[in-house]
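2 protein chains.
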Amino acid sequence: MFKKFKIPDATIGRLSMYSRYLIEADKKGITTVSSQHIAKATGVTPAQVRKDLAYFGEFGTRGVGYNSRELYNYIMKILGLNKQWSVAIVGAGNLGRALSQYKGFNQRGFNISCIFDNDPKKIGKKISNINIYSFDSLAEKVKDFNIKLGIIAVPASAAQEVADKLVKAGVRGIINFAPVNITVEENIILRRVDLAAQLEYLTYYLEEI
Amino acid sequence: MFKKFKIPDATIGRLSMYSRYLIEADKKGITTVSSQHIAKATGVTPAQVRKDLAYFGEFGTRGVGYNSRELYNYIMKILGLNKQWSVAIVGAGNLGRALSQYKGFNQRGFNISCIFDNDPKKIGKKISNINIYSFDSLAEKVKDFNIKLGIIAVPASAAQEVADKLVKAGVRGIINFAPVNITVEENIILRRVDLAAQLEYLTYYLEEI
Chain A
64 MFKKFKIPDA
74 TIGRLSMYSR
84 YLIEADKKGI
94 TTVSSQHIAK
104 ATGVTPAQVR
114 KDLAYFGEFG
124 TRGVGYNSRE
134 LYNYIMKILG
144 LNKQWSVAIV
154 GAGNLGRALS
164 QYKGFNQRGF
174 NISCIFDNDP
184 KKIGKKISNI
194 NIYSFDSLAE
204 KVKDFNIKLG
214 IIAVPASAAQ
224 EVADKLVKAG
234 VRGIINFAPV
244 NITVEENIIL
254 RRVDLAAQLE
264 YLTYYLEEI
Chain B
64 MFKKFKIPDA
74 TIGRLSMYSR
84 YLIEADKKGI
94 TTVSSQHIAK
104 ATGVTPAQVR
114 KDLAYFGEFG
124 TRGVGYNSRE
134 LYNYIMKILG
144 LNKQWSVAIV
154 GAGNLGRALS
164 QYKGFNQRGF
174 NISCIFDNDP
184 KKIGKKISNI
194 NIYSFDSLAE
204 KVKDFNIKLG
214 IIAVPASAAQ
224 EVADKLVKAG
234 VRGIINFAPV
244 NITVEENIIL
254 RRVDLAAQLE
264 YLTYYLEEI
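Heads up: the protein sequence lines correspond to chains A and B, in order.
Each residue of the first sequence is one higher than the one before, counting from 64 in our numbering.
Each residue of the second sequence is one higher than the one before, counting from 64 in our numbering.
No lab work stands behind these hints, which were simulated from the structure alone.
You can trust all of the hints, since none of them are fake.
A pair counts as met if it fits within one copy or between any two copies, since identical chains are not told apart.
In silico lysine-lysine, DSS-like type, Cα no more than 30 Å apart, as pairs:
id	residue 1	residue 2
1	Lys-228	Lys-103
2	Lys-231	Lys-103
3	Lys-211	Lys-103
4	Lys-166	Lys-189
5	Lys-184	Lys-166
6	Lys-231	Lys-206
7	Lys-166	Lys-188
8	Lys-69	Lys-114
9	Lys-103	Lys-69
10	Lys-184	Lys-228
11	Lys-188	Lys-228
12	Lys-69	Lys-206
13	Lys-206	Lys-228
All of these numbers come straight from a predicted model, not from anything done at the bench.
One chain only, chain A, in its complex shape:
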């Protein structure tokens, strides 16, 4: 089902950064960039840039560099971003609201199609023009909007139930923001964003041993 091979997560993250630089470069009229340019703009080494790209084939012309637009398009295709994706957010609390209004999604082709909650006071309202639907209508709406990606922004105690329901409805990729580990069947891509763990990347380096 998934034809893509496993590359390091960090490479995917860097490809995302490179593509953001490349589109900016292209907009500024910089048609050709070197691995040095990409590296400098994204805070990695030129060797790392070349290694990351080498996973996917041969790019660029030795001694000349890469065509910004071409490399951008190719990376976007690698990342599955040469199309639009419908996304559902489950949970209309503060985090769900923040994610609904996050400006960074749209520019990468992610459309938040609907928000789900089980609070009668929220259902039927809108956030940034996105409808909040009843959690009970999740299966129906996921099909209507052809939603393949779900974001879990509910309390930890409800996260597993939400995940099960998303998967049953046809969602194939899930980001879990709830501070709890959940499980899904093997053919579903699950990623947990642990906000506390983000701070731990800092304290690892800050605490002197």
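Assemble the complex: chain A is given as a structure, and chain B must be docked to it using the hints.
For chain B alone, coordinates are given in the frame of chain A:
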């Protein structure tokens, strides 16, 4: 100044996961665990567990395993989490509110000490019992509360100014949630959490090529 060596980011993330499993195991009375146990609970291979731990020395007894509590304490020390950290959140919008109320911080020793905003309607109010202060008082409060970590949850256009002010006030580690790249001097630890990029880890695997 920073005595720690550079290990892969992914290792730090996994150590964080291992420690969460270990404290749970210890609470359940499981005093000894193997790399297989840790691996199974956290979704990695036993070899990966052993490799990650090997960066920091020799642990456990061959054929027996690790003492859950001892390994937990050691990992927490590696991560700089054998103490409490004061954290400032800048931006009292939806994301700032969500982060202020995030239950996962406290259990890892992170205390949100104050929130800063420049909206007169928000200043003086509280979120989850945390005071919202004027952005102008940032330098003073960062010193008062001995804050070393800052979270940027402001619009992209304000992120660099906020970072500069945090660093000037004495903050040494920053998480940037704004969808923009910012720069800080070299001795500051900066980590950007790109919420759109989180979805791209999913689409990479979901989009068939």
